[in-house]
Every structure is written in C-alpha cells, then in structure tokens.
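Protein chains: 2
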Amino acid sequence: MDHLFQLESHKFERGRGRCPFDPSSSFTSILIGGELFTGLYSDYWGRDAALFRTMNRMAHLRTEPDSERLLKEPKFVGSYMIPDNEDHDDNKVYFFFTEKALEAETSTHAIYTRVGRVCANDMGGQRMLVNKWSTFLKTRLVCSVPGRNGIDTHFDELEDVFLLQTRDNKNPVIFGLFNTTSNIFRGYAVCVYHMASVRAAFNGPYAHKEGPEYHWALYEGKVPYPRPGSCASKVNGGLYTTTKDYPDEAVHFARSHPLMYQPIKPVHKRPILVKTDGKYNLKQIAVDRVEAEDGQYDVLFIGTDHRRGYDPEFEKCNTINHIAQGCLN
Amino acid sequence: MDHLFQLESHKFERGRGRCPFDPSSSFTSILIGGELFTGLYSDYWGRDAALFRTMNRMAHLRTEPDSERLLKEPKFVGSYMIPDNEDHDDNKVYFFFTEKALEAETSTHAIYTRVGRVCANDMGGQRMLVNKWSTFLKTRLVCSVPGRNGIDTHFDELEDVFLLQTRDNKNPVIFGLFNTTSNIFRGYAVCVYHMASVRAAFNGPYAHKEGPEYHWALYEGKVPYPRPGSCASKVNGGLYTTTKDYPDEAVHFARSHPLMYQPIKPVHKRPILVKTDGKYNLKQIAVDRVEAEDGQYDVLFIGTDHRRGYDPEFEKCNTINHIAQGCLN
Numbered sequence: 001m002d003h004l005f006q007l008e009s010h011k012f013e014r015g016r017g018r019c020p021f022d023p024s025s026s027f028t029s030i031l032i033g034g035e036l037f038t039g040l041y042s043d044y045w046g047r048d049a050a051l052f053r054t055m056n057r058m059a060h061l062r063t064e065p066d067s068e069r070l071l072k073e074p075k076f077v078g079s080y081m082i083p084d085n086e087d088h089d090d091n092k093v094y095f096f097f098t099e100k101a102l103e104a105e106t107s108t109h110a111i112y113t114r115v116g117r118v119c120a121n122d123m124g125g126q127r128m129l130v131n132k133w134s135t136f137l138k139t140r141l142v143c144s145v146p147g148r149n150g151i152d153t154h155f156d157e158l159e160d161v162f163l164l165q166t167r168d169n170k171n172p173v174i175f176g177l178f179n180t181t182s183n184i185f186r187g188y189a190v191c192v193y194h195m196a197s198v199r200a201a202f203n204g205p206y207a208h209k210e211g212p213e214y215h216w217a218l219y220e221g222k223v224p225y226p227r228p229g230s231c232a233s234k235v236n237g238g239l240y241t242t243t244k245d246y247p248d249e250a251v252h253f254a255r256s257h258p259l260m261y262q263p264i265k266p267v268h269k270r271p272i273l274v275k276t277d278g279k280y281n282l283k284q285i286a287v288d289r290v291e292a293e294d295g296q297y298d299v300l301f302i303g304t305d306h307r308r309g310y311d312p313e314f315e316k317c318n319t320i321n322h323i324a325q326g327c328l329n
Numbered sequence: 001m002d003h004l005f006q007l008e009s010h011k012f013e014r015g016r017g018r019c020p021f022d023p024s025s026s027f028t029s030i031l032i033g034g035e036l037f038t039g040l041y042s043d044y045w046g047r048d049a050a051l052f053r054t055m056n057r058m059a060h061l062r063t064e065p066d067s068e069r070l071l072k073e074p075k076f077v078g079s080y081m082i083p084d085n086e087d088h089d090d091n092k093v094y095f096f097f098t099e100k101a102l103e104a105e106t107s108t109h110a111i112y113t114r115v116g117r118v119c120a121n122d123m124g125g126q127r128m129l130v131n132k133w134s135t136f137l138k139t140r141l142v143c144s145v146p147g148r149n150g151i152d153t154h155f156d157e158l159e160d161v162f163l164l165q166t167r168d169n170k171n172p173v174i175f176g177l178f179n180t181t182s183n184i185f186r187g188y189a190v191c192v193y194h195m196a197s198v199r200a201a202f203n204g205p206y207a208h209k210e211g212p213e214y215h216w217a218l219y220e221g222k223v224p225y226p227r228p229g230s231c232a233s234k235v236n237g238g239l240y241t242t243t244k245d246y247p248d249e250a251v252h253f254a255r256s257h258p259l260m261y262q263p264i265k266p267v268h269k270r271p272i273l274v275k276t277d278g279k280y281n282l283k284q285i286a287v288d289r290v291e292a293e294d295g296q297y298d299v300l301f302i303g304t305d306h307r308r309g310y311d312p313e314f315e316k317c318n319t320i321n322h323i324a325q326g327c328l329n
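Protein chains in written order, with full-length UniProt numbering: chain A, 1 to 329; chain B, 1 to 329.
Derived from the structure by calculation, the hints contain no laboratory data.
Some clues are possibly wrong.
When chains are identical, the list treats them as one kind, so a pair holds in a single copy or across two.
[As the list claims (entries may be wrong)] Result set (BS3-like, lysine-lysine): computed pairs, CA atoms no more than 27 Å apart in a straight line:
no., residue 1, residue 2
1, Lys209, Lys100
2, Lys11, Lys269
3, Lys72, Lys234
4, Lys222, Lys275
5, Lys75, Lys222
6, Lys72, Lys279
7, Lys75, Lys244
8, Lys265, Lys170
9, Lys265, Lys100
10, Lys209, Lys132
11, Lys100, Lys72
12, Lys11, Lys75
13, Lys269, Lys279
14, Lys283, Lys234
15, Lys72, Lys283
16, Lys72, Lys11
17, Lys283, Lys11
18, Lys269, Lys100
19, Lys275, Lys234
20, Lys11, Lys275
Quantities reported herein were computed from a predicted structural model and do not represent experimental measurements.
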C-alpha cells in the first residue's frame, strides 16, 4: 500500500484537537474509518489535555475540560483500535498514557500508567456530557516486580507500547516498555499483557470515592444499565443505537466513575525483562514473533537514545580500557 | 565507669517483656533509673510485638496487644531517653522502628520508619488503658530525595540510628541510616534530624481516620486536655501528678489517635549521603563531631556486613584485575 501525501496549499483547516500547539508536547493519534482519534494538549499554554475525535461525519467529541478525574497532566504514549467482537459498533479505542495518580495517598505524588478506553461510535450524552465521551473508562496498567513483605517495585512511567498482532485481531499481545519515576533509581522493565486481562479490568468493579476524606474504594452498589463503558451495539442487546439514548442515570454514573478498581497485571505478574544497569535510556520497543526449530520466539527490539558518535560513556570506556566491547555490554 | 557483671545462678526472674523469646528477633532496650524500657516480640510465636516498661518500683506497662494501629509487624532499631526540659517528670523515651504503614494506600503494602514516644513516668489509665501506655504517640520519619514532578525517592527501611550528644542534652542530633524497601533497587541514605523537628511533629496535628472507607486525614476537631501524649508533670500545669488521673476523654482520644499527621523531615529536606553503587550492605552508623582548623566536622563511621576474608565480590575483583583497591572503593 503506497501512500502519496501532497500539500493542499489552497485548503485550510482548524487544527485544534487534531495536533498539539507545541510540536514537542506529548501526542498520540489514530485514524479509524476516516475519524481521527487523538490524545493531546489542545491549547497554547499546554494545560488542556484531552482525548478527541474529530474530522469526519461524526460529531466532534472530547473529554470534559478541567476534569482532573479524567486526565491529570497526562503523557500520551499510544492509541489503538482493538475490536471486541465481529460487531463493528462494539469497536473500542484504547489510549495508553501516564498521569498523576488521583487514587494515590493524598500526601504523596505518584505517576501511574493508564489504559483509557472509549467506544469508537460514542456520540456523547443527550442532556449531560453533550459532545463529550460518554463511554470513557480507565484503569492502572501495572508493571512491577514482586518483593519481600509484599512490597513490589513498580515501573510506573510508560515509555512506549507495542501491539503484536496475532491471527486473531481481537487479541493482539501488548508489550509495554516502562521506566521508573525515581530520579535516584533508574531502571527499565518490559511487561506483557493479554487482552483478556485488559477486558477483565474494564468488565470488573468500578472505583468509587464517596467524598474528599474518603479513599478510592471498591464500588459495591447497583450498576446502571447499559453498563457504563459499554457501546451502543447489537452485541449489548441492541436496545440503544446511540449513546445519546442512554438513560441519564447511566451517563451520570459513567461521568462520576471513570476509574476501574482493578489494575491490569502483566503475564506471570512480573516483567519479562528488567534492566537496572543504567547504561542506556530505553525509549522504544518493537516485537517480532518468529518460528524457530525449537518453537516460537518473541524477539524484542529496544531502541535507546544513544547516538554512537556522541556517547560520553562509550568514549570514556574506550579511552581507558581500549576494550569498547566490555563497556557496551 | 567499669561495670562488672556476674551471673546470679541462684536467682530466677521472669523474662517476659524484658528480652525476646527468639534471640535473633528484633529488640531494643534502654535502662532509665532502674526501669527497663524495651521494644520486642514477647511471645514464642513472634506475634506479640510491644513496647514494655518492666523491672522496678513502677507498674509494668505495655502497648495494647493485637492493636495494629500501634505496632504492625515492627522491626525495633533503637531507643533513647531525651529530656524535654529540666522537669524529670516530663522525660520522654523515644523508640525508633519500622513497621507496615497503616496509612498507605489500601491496595499496596509499604514499610515506614517511625519514631514512637512515651512519657517515662506513664502510669497507664484508670478505667481505660489500665497498665497500658496512655501517652504513646508515633509519626513517620522521612528520609527521601526530592524528585521531578514532586515524586520523591524514599528510603523507608531504618537500619540504624545514632544520637550525637551535644552540650545541650535536650537536643542531641539524630543520624539515621536507611535502606530501600525494594528488592530491585538497593541503596542507602543517611539523614539527620533535629529535635526541634521531632517535637514539632508530636506537638502538631493528629492523624484521624473516620472509618474503614476513609483515608487518614488531618484531625481538625477539638483536642482534649491534657493534650494526649503530654506527661503528668509540673511543666504541663501540674494539674495531674499521674496519667491515671487524666480524664477519660483524654485517654480515649490518645487510644484512638496514636499517629501524628505530620512526618519528621530531615535537615535540608534531603539525605546528607546517598549510596546506590550496591557494593556493600550498610548496617551500622556512629558519628564523631570533631573540631578542625577550618571548623566543625561530623565524621560518619558506617559499618557494613562485609567480612574481608569472605567477600566473593572482593575475591572476584582481586582475581580478575589484580587491583583490590579499585574494587573496594
């Protein structure tokens, strides 16, 4: 498939919600059926972070502005459409990002990695959440090493995410490359997630906060119908053909419960790779599944910010030891 | 002062509350005016952790059994008597320990370092807390490096504590040697605390938890008189000569509010020393204040668990490089 781009110099379009003001600010986008889904800071001051859907036939949609419950100083890392089943109306768009954790202890700051999710065909609410996502949910994506006394070492800063497609397009394998949030201890980990774990978290209980003095707890009350976060599709009973027809109660619940209670845990409940030698900053990941004589292997390609000619570490090693190999490994 | 110990083979005393059943279990003790103050696990199974006062004329006292709010799987590190003023009835005993943090996020485990404090002349309550400490308070002792985005790197596992005595016996300088609680990132930090910060935390607001769904918050209600944690002394008005006369309300409040809201922060709000090279496990600290020509220095002596003849790291370095010095530094 050859794509040929050319500049339509006579045509101008408003870029708000489609690309960030500051080209260096964090940004993710995906084009699905002519609709552009983006995660970006849409204003000049870099304060209004939101998930957008713009472009085509469908109504422009975004997350509510100034809602720290939805997105708190996020860094957008990736976005993908992953179908749940054969019904296209049930298609969901997943956003991978980090943000300040609202559910962490009040007196401390923390950054968590999140998976956020919307229905691709979301039309917003009718009386509430007008032109806002009415199906947005998010949860924590955990990448941690189990430790003594139940104290896990967390890698909370998502650097990159890669979807390894399988024969079943509903079940790609998700690879996350994570960094620590500490400026003293630097280390990287790669965690792998199955879609079954992702779906289980979103189909699980909601997190609930009764008031400012309360902590985020398991919501044990009645969940309205249609279940907040589910799409207007035949698979979901076909009772509703658009989220605009969802009962107020369901839209209101979705608005106040964007966070799921259960995080998404990686396969084997630990990373498949941990690097703490501090040699390189790991930035990007790609994965290739190969068949070998003795079975199937996933080959990880991990990119660093290392430029060979300019690495002072490399230079130093080379000068002192005259054994470059020893320093590079 | 030469102390001569000899075994009184004809005399037997009950050791409960004076020394642990298991000699390898964590233990701290200090003898003050014939009274033995201890922190230990007093039972055979190593479950009943408590702070005790035993021995002499005064009533035997302990922390309430089975109260996770007071001590949750503590590791006792040190104990010291530090006077607040000239009134001996106001003398306080400080216990340094680590424990599972009750105020951390509910879904995660965490270990915090604590300073606990009791009045040396505590007599317990009359109707409530009979033969239990009625003046016990504790707070978190923080040793952390400030980081990006307000995310600090914490050293939460206290290994050793040293009190550097100054001319003013009310104001020793406290040196803490800390380890991380992670099994992936190992590192050590030394933090210094002034008694003014310690007293400010104990004279500050109490932490309060309204119920299981709530988080620990700042207590803003009325504090009873005498202020819970204060001693029966002339300095405190002289209205009460024993904690047994304290009003029920004050004893009840002390029982339900053992935790202070504000942690104790180190001098300069950061460690004076951070070691992350992973060469040694640092176990003990002693400090000597010396006068040099260009001013006063605090010399840190830090003990490791390294035994020269048996260190495999040392062996390996020695064999490969023939430069032992390079490996030891």
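Here is what the structure says about each hint:
{"no.": "1", "hint": "Lys209 - Lys100", "in the structure": "both (17 Å within a copy, 24 Å between copies)"}
{"no.": "2", "hint": "Lys11 - Lys269", "in the structure": "neither (51 Å within a copy, 56 Å between copies)"}
{"no.": "3", "hint": "Lys72 - Lys234", "in the structure": "neither (34 Å within a copy, 52 Å between copies)"}
{"no.": "4", "hint": "Lys222 - Lys275", "in the structure": "neither (44 Å within a copy, 52 Å between copies)"}
{"no.": "5", "hint": "Lys75 - Lys222", "in the structure": "neither (33 Å within a copy, 43 Å between copies)"}
{"no.": "6", "hint": "Lys72 - Lys279", "in the structure": "neither (31 Å within a copy, 39 Å between copies)"}
{"no.": "7", "hint": "Lys75 - Lys244", "in the structure": "neither (30 Å within a copy, 58 Å between copies)"}
{"no.": "8", "hint": "Lys265 - Lys170", "in the structure": "within (19 Å within a copy, 51 Å between copies)"}
{"no.": "9", "hint": "Lys265 - Lys100", "in the structure": "both (19 Å within a copy, 23 Å between copies)"}
{"no.": "10", "hint": "Lys209 - Lys132", "in the structure": "within (22 Å within a copy, 36 Å between copies)"}
{"no.": "11", "hint": "Lys100 - Lys72", "in the structure": "within (5 Å within a copy, 29 Å between copies)"}
{"no.": "12", "hint": "Lys11 - Lys75", "in the structure": "neither (31 Å within a copy, 70 Å between copies)"}
{"no.": "13", "hint": "Lys269 - Lys279", "in the structure": "within (26 Å within a copy, 29 Å between copies)"}
{"no.": "14", "hint": "Lys283 - Lys234", "in the structure": "neither (41 Å within a copy, 65 Å between copies)"}
{"no.": "15", "hint": "Lys72 - Lys283", "in the structure": "within (23 Å within a copy, 41 Å between copies)"}
{"no.": "16", "hint": "Lys72 - Lys11", "in the structure": "neither (35 Å within a copy, 68 Å between copies)"}
{"no.": "17", "hint": "Lys283 - Lys11", "in the structure": "neither (36 Å within a copy, 70 Å between copies)"}
{"no.": "18", "hint": "Lys269 - Lys100", "in the structure": "both (23 Å within a copy, 23 Å between copies)"}
{"no.": "19", "hint": "Lys275 - Lys234", "in the structure": "neither (46 Å within a copy, 60 Å between copies)"}
{"no.": "20", "hint": "Lys11 - Lys275", "in the structure": "neither (49 Å within a copy, 59 Å between copies)"}
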